[in-house]
Amino acid sequence: MPRFTRKQNIFRNKDVLGESYHPEQIEERDAEIEEYMTALQPVMDGWEPNNIFIYGHPGVGKTAVTEYLLTLLQRDVKEYDDVDLSVISVNCKSLNSSYQVAVELVNKLRPTGGEISSTGYPQQTVFKKLYRELETLGGTILVVLDEIDSIGSRDDLLYELPRARANDYLDQTKVGMIGISNDFKFREQLDPRAQDTLCERELQFSPYDATELESILQTRADIAIAEGAVGQGVLKYCSALAARDSGSARQALDLLRLAGELAENNNADQIEESHVERARAKLEQERIEEGMRELTTHGRLALLAVVSKAAKDETPCRSRELYDDYTDLCERAGTDSLAQRSMHNHLSELRMLGILSASENRSGSRGNYYSYELNVPFTSAIDAMADVLRVDEAIQRIERLAVKNDVS
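Each residue of the sequence shown is one higher than the one before, counting from 1 in UniProt numbering.
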């Protein structure tokens with residue numbers, strides 16, 4: 001008797017709900033697609049391409065629309081003999097400098113076995129190697145840098161590459177850059193020269209609303225899920241949860257996929273709202289834990305200070321009110337505390353990750369300030385912190401305070 005058997009009572013093609021699936025049509029992004037096509041039109045006309053900067057929260061279609069339109073552009077431009085278009089895409093998530101991105105681009109352009117080392121060269125030497133490879137390829141080249149904000153402040157390439165032809169580093173090759181960012185503030189942090197060069201055309205992708213998300217889910221569910229296996233109200237519930245949280249299509253699809261897996265594992269005939277609720281709790285816990293793992297030690301201690309205040313039912317609270325808890329936790333963890341301003345930077349990062357929320361308070365002549373509180377369930381934060389940060393005595397003390405103050 002086989003130990004493994006197929007389960008197909010819920011899913012018809014689960015891959016359709018996965019991140020690697022590329023739909024034939026992009027839904028609920030007509031205005032963005034039209035604006036994006038206008039920005040890409042010079043390529044079709046045979047002129048130098050625009051440099052395009054795209055920003056928006058994760059899961060709102062930035063990368064999907066980019067891949068969709070560039071595939072169409074590469075297909076349609078073949079009708080014209082005077083345009084030879086190449087697209088080079090790099091995800092910068094693990095690359096934190098212009099140097100690393102340039103090395104990655106060089107190695108994508110070179111044949112297997114001809115790659116260069118990721119260390120040991122002056123930056124300008126790597127840039128020159130990149131220009132030589134681009135000139136050898138020739139034609140019109142669009143360089144797509146996804147998660148471009150990972151480059152941080154070392155953004156020389158973002159200024160130099162789009163201007164390579166104007167600075168005589170390239171002769172005939174026409175290069176355009178498309179930068180995609182989840183960080184709305186990244187543009188402001190760029191060198192002013194890089195801002196002017198990269199941001200010739202800017203496109204903002206806003207979060208999806210619940211109606212748009214339900215439309216996207218319905219289209220995917222028709223292909224992915226067996227007939228009759230989606231309970232009444234399930235798609236609407238997934239859409240409402242994702243719209244309320246982030247407006248992310250990826251979050252809505254992940255909710256539906258995981259809810260389907262839970263239903264399947266329970267041998268249920270349908271996905272019900274109870275499966276969606278369990279999926280939401282599981283995904284939220286995973287998101288918190290992933291965010292924690294990416295934090296520095298002081299980022300984790302700053303978060304634990306907020307958790308401590310929440311246990312005492314003292315949130316929302318200002319950063320200066322959190323500082324005493326933070327320094328106490330640093331002492332217990334055996335590490336030197338940072339200055340209050342530096343700790344505040346960690347609170348801002350936690351807010352950007354969606355783990356904390358902040359409300360702005362206006363106090364007249366004394367200026368504005370933010371009050372912070374948890375943006376995730378208290379118990380989820382405690383469980384995740386216990387997993388990634390060993391300050392056992394402090395965590396146990398916080399848990400006792402939470403029980404005393406009936407915080408959950």
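These are computed hints drawn from the structure, not numbers from a lab.
Check the hints yourself; a few may be wrong.
Unchecked claim - Listed next, with one range per pair, are the computed distances between beta-carbon atoms:
#, residue 1, residue 2, range
1, LYS78, THR125, 30 to 38 Å
2, ASP84, GLN189, 33 to 41 Å
3, GLN189, GLU294, 13 to 21 Å
4, SER371, THR296, 37 to 45 Å
5, SER20, SER357, 26 to 34 Å
6, ASN345, ASP82, 45 to 53 Å
7, GLU331, SER20, 41 to 49 Å
What the hints assert, rightly or not - Pairs of lysine-lysine residues, derived as DSS-like cross-links and limited to a Cα-Cα distance of at most 30 Å, are as follows:
#, residue 1, residue 2
8, LYS128, LYS93
9, LYS14, LYS236
10, LYS282, LYS312
The beta carbon of each residue, even a glycine, is placed where N, CA and C say it ideally should be.
Okay, the hints, checked on the actual structure:
no.	hint	in the structure
1	LYS78 x THR125: 30 to 38 Å	holds (36 Å)
2	ASP84 x GLN189: 33 to 41 Å	holds (35 Å)
3	GLN189 x GLU294: 13 to 21 Å	holds (19 Å)
4	SER371 x THR296: 37 to 45 Å	violated (23 Å)
5	SER20 x SER357: 26 to 34 Å	holds (32 Å)
6	ASN345 x ASP82: 45 to 53 Å	holds (51 Å)
7	GLU331 x SER20: 41 to 49 Å	holds (47 Å)
8	LYS128 x LYS93	holds (24 Å)
9	LYS14 x LYS236	holds (19 Å)
10	LYS282 x LYS312	holds (26 Å)
Comparing the model with each earlier hint shows a violation of hint 4 alone; every other hint is respected.
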